[in-house]
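Q: Assemble the whole structure, with the sequences as input and the hints as a guide.
Number of protein chains: 2
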Amino acid sequence: MVKTLEWTDAGVRFIDQTKLPTEEVYVTCGTYQEVADAIYTMIVRGAPAIGVAAAMGVALGTRDANANSVSELRTQFDQICETLAATRPTAVNLFWAIRRMKNTFESISSQPMASIRSALIKEAQQMYLEDIAACEAMGRNGAVLLPKTGGVLTHCNAGALATCGYGTALGVIRSAVAQGSKINVYADETRPFLQGSRLTAWELNQDGIPTTVIADNMAGAMMKQGKIHAVIVGADRIAANGDVANKIGTYTVAILAKEHGIPFYVAAPWSTVDLATPNGDHIVIEQRASSEVTHFAGKQVAPTGIRVENPAFDVTPNKYVTAIITERGVAKPSYSESLQELGRKEPVPA
Amino acid sequence: MVKTLEWTDAGVRFIDQTKLPTEEVYVTCGTYQEVADAIYTMIVRGAPAIGVAAAMGVALGTRDANANSVSELRTQFDQICETLAATRPTAVNLFWAIRRMKNTFESISSQPMASIRSALIKEAQQMYLEDIAACEAMGRNGAVLLPKTGGVLTHCNAGALATCGYGTALGVIRSAVAQGSKINVYADETRPFLQGSRLTAWELNQDGIPTTVIADNMAGAMMKQGKIHAVIVGADRIAANGDVANKIGTYTVAILAKEHGIPFYVAAPWSTVDLATPNGDHIVIEQRASSEVTHFAGKQVAPTGIRVENPAFDVTPNKYVTAIITERGVAKPSYSESLQELGRKEPVPA
Numbered sequence: 000m001v002k003t004l005e006w007t008d009a010g011v012r013f014i015d016q017t018k019l020p021t022e023e024v025y026v027t028c029g030t031y032q033e034v035a036d037a038i039y040t041m042i043v044r045g046a047p048a049i050g051v052a053a054a055m056g057v058a059l060g061t062r063d064a065n066a067n068s069v070s071e072l073r074t075q076f077d078q079i080c081e082t083l084a085a086t087r088p089t090a091v092n093l094f095w096a097i098r099r100m101k102n103t104f105e106s107i108s109s110q111p112m113a114s115i116r117s118a119l120i121k122e123a124q125q126m127y128l129e130d131i132a133a134c135e136a137m138g139r140n141g142a143v144l145l146p147k148t149g150g151v152l153t154h155c156n157a158g159a160l161a162t163c164g165y166g167t168a169l170g171v172i173r174s175a176v177a178q179g180s181k182i183n184v185y186a187d188e189t190r191p192f193l194q195g196s197r198l199t200a201w202e203l204n205q206d207g208i209p210t211t212v213i214a215d216n217m218a219g220a221m222m223k224q225g226k227i228h229a230v231i232v233g234a235d236r237i238a239a240n241g242d243v244a245n246k247i248g249t250y251t252v253a254i255l256a257k258e259h260g261i262p263f264y265v266a267a268p269w270s271t272v273d274l275a276t277p278n279g280d281h282i283v284i285e286q287r288a289s290s291e292v293t294h295f296a297g298k299q300v301a302p303t304g305i306r307v308e309n310p311a312f313d314v315t316p317n318k319y320v321t322a323i324i325t326e327r328g329v330a331k332p333s334y335s336e337s338l339q340e341l342g343r344k345e346p347v348p349a
Numbered sequence: 000m001v002k003t004l005e006w007t008d009a010g011v012r013f014i015d016q017t018k019l020p021t022e023e024v025y026v027t028c029g030t031y032q033e034v035a036d037a038i039y040t041m042i043v044r045g046a047p048a049i050g051v052a053a054a055m056g057v058a059l060g061t062r063d064a065n066a067n068s069v070s071e072l073r074t075q076f077d078q079i080c081e082t083l084a085a086t087r088p089t090a091v092n093l094f095w096a097i098r099r100m101k102n103t104f105e106s107i108s109s110q111p112m113a114s115i116r117s118a119l120i121k122e123a124q125q126m127y128l129e130d131i132a133a134c135e136a137m138g139r140n141g142a143v144l145l146p147k148t149g150g151v152l153t154h155c156n157a158g159a160l161a162t163c164g165y166g167t168a169l170g171v172i173r174s175a176v177a178q179g180s181k182i183n184v185y186a187d188e189t190r191p192f193l194q195g196s197r198l199t200a201w202e203l204n205q206d207g208i209p210t211t212v213i214a215d216n217m218a219g220a221m222m223k224q225g226k227i228h229a230v231i232v233g234a235d236r237i238a239a240n241g242d243v244a245n246k247i248g249t250y251t252v253a254i255l256a257k258e259h260g261i262p263f264y265v266a267a268p269w270s271t272v273d274l275a276t277p278n279g280d281h282i283v284i285e286q287r288a289s290s291e292v293t294h295f296a297g298k299q300v301a302p303t304g305i306r307v308e309n310p311a312f313d314v315t316p317n318k319y320v321t322a323i324i325t326e327r328g329v330a331k332p333s334y335s336e337s338l339q340e341l342g343r344k345e346p347v348p349a
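Line by line, the protein sequences are chains H and D.
For the first sequence, numbering that gives the first Met the number 0 begins at 0 and goes up steadily by one.
For the second sequence, numbering that gives the first Met the number 0 begins at 0 and goes up steadily by one.
Incorrect hints may appear among the rest.
[Said to hold, decoys possible] Derived DSBU-like pairs: lysine-lysine, alpha-carbon spacing no greater than 30 Å straight-line:
| no. | chain 1 | residue 1 | chain 2 | residue 2 |
| --- | --- | --- | --- | --- |
| 1 | H | K318 | D | K18 |
| 2 | H | K318 | D | K226 |
| 3 | H | K257 | D | K226 |
| 4 | D | K331 | H | K257 |
| 5 | H | K298 | D | K2 |
| 6 | H | K226 | D | K298 |
| 7 | D | K298 | H | K2 |
| 8 | H | K331 | D | K257 |
| 9 | H | K223 | D | K257 |
| 10 | H | K226 | D | K257 |
| 11 | H | K223 | D | K226 |
| 12 | D | K298 | H | K18 |
| 13 | H | K331 | H | K344 |
| 14 | H | K257 | D | K318 |
| 15 | H | K226 | D | K18 |
| 16 | D | K331 | H | K223 |
| 17 | D | K18 | H | K18 |
| 18 | D | K223 | H | K257 |
| 19 | H | K331 | D | K298 |
| 20 | D | K318 | H | K318 |
[What the hints assert, rightly or not] Here are a few chain H residues that face chain D, going by a calculated C-beta distance under 10 Å:
| no. | residue |
| --- | --- |
| 21 | K2 |
| 22 | W6 |
| 23 | P20 |
| 24 | H259 |
| 25 | V292 |
| 26 | V314 |
[To be verified] DEER-style ranges, computed between Cβ atoms:
| no. | chain 1 | residue 1 | chain 2 | residue 2 | range |
| --- | --- | --- | --- | --- | --- |
| 27 | H | N278 | D | E291 | 48 to 58 Å |
| 28 | H | N278 | D | A349 | 48 to 58 Å |
| 29 | D | E336 | H | E291 | 40 to 50 Å |
The set of hints was computed from the structure by calculation and includes no laboratory data.
Just so you know, even glycine gets a beta-carbon here, dropped at the ideal spot from N, CA and C.
A: Structural data, given as structure tokens:
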């Protein structure tokens, strides 16, 4: 399976997701600023992958910081964390990962600089392993929910490319297929960044899982034709009441699923669940450059100067969500209770 | 206002809609085969414009046919009609226009060839004028339905570029704006052909009507944010029971409108109403090339060999349609009765 991101001595190595599916190019970010740029420009994207990438960026920046004391190191560490936290506002995994790195620093701040540095690298690598383990556990927990035979619609890319491997929504699909389910995946192309046609189709194609690409506006017609039997997507942040922030267009897909009586599942690691955010109204939605909508592959497709909206995410209210699949188990309504209950469980070990 | 199509002695002149919004290029089709190609390749598109373009193609082909008798002319006329009818299957205006040209031929088939030829040219030009008059009447009939202030979402292009001028859905918007309504138009970009971002935004921008382009998958989020107060779209065929075939994605928008309690209007000339088709299940939906989805401006955006669905249209069941605006009046549920009633009215004169 593709290595979405990887810690190396030379820096953090990413597959460049802006170049897929036509070019399989890897880039190594040798500084934390380069890691921050890679997150901002979406060389790496997907909430779980962003979290681990940021942790590795923090480890890298701290390793290479020019400091004469732990106190100096901490000042630079804080600034590195700030830079990485400023890249993208919606995916809570980013802040979760940075907080975890801060906790690690605090827990050994009385030790020599070399120990702190190596502990941070170890922590980032541990998060990498935990992410893969969480995806595999999500797959085991969620596979039974998918149809034994039929079409499963997904939006954006919640696959190996959005995580450290295996995927969240696509991990559940992979697990169901491994257990013998005959699933045809319908991949919304997911404008404006085309994560569906470029990334989901690419990685499922490599696995030999039958995949059909559709434009986002075809999902309703496919459901009406009886081709879709379940929807499964990832998440960038899940509020305490089960409202789900995910790639723009997810809300529309959820409404379509409800109208057609099709179950709508969300798969995400526990690090995506943000119990400190009571509901979706409190989730900051990133607005991205209008050029993502007005231009395509360098070609202008809208009149010069036209107004554009380009929210990167939307919020799907909990009433549209059939179940939330995590590595700790499957939450069902009412989410205010079921998510609290999962929160009390032990983390799944790597 | 832009001349979408125009009869000239040299042939049928079109603005090339595949080149907009960055290039304003006109092409003159000197043969009926070139007109058929222009329809097939979407140099001209939009149900009303396709109808008149086909009529002009028939007039052109018949004018230039090498025939020694009316009988020979009729054979060639029939073949010309067949070629033009085979270009696109969904928009009923194409078949309506060709049938009208056939009726014209029949009504004067005892006259000399020159008279038949000039009668066909005159009939096509008459249809051109009637189309503009119908759009203006739709505007008068529908303007009152739109909000005095607020956002109006449209999908695809149902504007001057889809007709001989003024537009159907955009004609209603133009009329409302002319009467003082403060309307912000939200234009779905409308993948895969981008009629919204390329064409609707272009023509409304030229009129100075405030327009915001969004990706198709953002419509739900805009509605949830309270930015959309009405939806208005065109149609390619309206069945006797009020089911509406229109650009792929219309069905999704209609469901979103229902879910948010927003009225969903359809504006189309009477020639789009097909009382011979009982309901939407009987409407043939055109499937277009997968390359429209997998490639963009020559750039590959999906893995080589991936499966694609590319239906050009979908059917919106009548239960989602608040009203159908025609030049003969506004039909409301139950459409089986209201459309029959409009059918008994006199056509609107050019």
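Q: For the pair we were handed, K226 of chain H and K18 of chain D, check the Cα-Cα distance against 30 Å.
A: violated (35 Å)
Q: Would the hint linking K331 of chain H and K298 of chain D be met if the CA-CA limit is 30 Å?
A: Judged against 30 Å, a Cα distance of about 42 Å means the pair is violated.
Q: For a C-alpha distance cap of 30 Å, please report whether K18 of chain D and K18 of chain H respect it.
A: holds (26 Å)
Q: Confirm or reject the claim that N278 of chain H and A349 of chain D have a C-beta distance inside 48 to 58 Å.
A: holds (57 Å)
Q: Taking 30 Å as the top limit, are the C-alpha atoms of K298 of chain H and K2 of chain D close enough?
A: Satisfied, since the Cα-Cα distance of roughly 25 Å is no more than 30 Å.
Q: With the threshold set at 30 Å, check whether the alpha-carbon distance from K226 of chain H to K257 of chain D stays at or below it.
A: holds (22 Å)
Q: Verify the proposed pairing of K318 of chain D with K318 of chain H, using a straight-line Cα cut of 30 Å.
A: holds (23 Å)
Q: Taking 30 Å as the top limit, are the C-alpha atoms of K257 of chain H and K318 of chain D close enough?
A: Distance of about 16 Å is within 30 Å: holds.
Q: Just to be careful: measuring from the Cβ of V292 of chain H to every Cβ in chain D, is the smallest value less than 10 Å?
A: holds (6 Å)
Q: Can the restraint linking K298 of chain D and K18 of chain H be considered satisfied, given a maximum Cα separation of 30 Å?
A: Cα-Cα ~11 Å, so holds.
Q: Quick one, are K331 of chain D and K257 of chain H close enough, alpha carbons at most 30 Å?
A: At roughly 26 Å apart (the allowed maximum being 30 Å), K257 of chain H and K331 of chain D satisfy the hint.
Q: Sort out whether K2 of chain H lies within 30 Å of K298 of chain D, counting only the CA atoms.
A: holds (25 Å)
The structure fails to meet hints 1, 15, 19, 21, 22, 27 from the earlier list, while all remaining hints are met.
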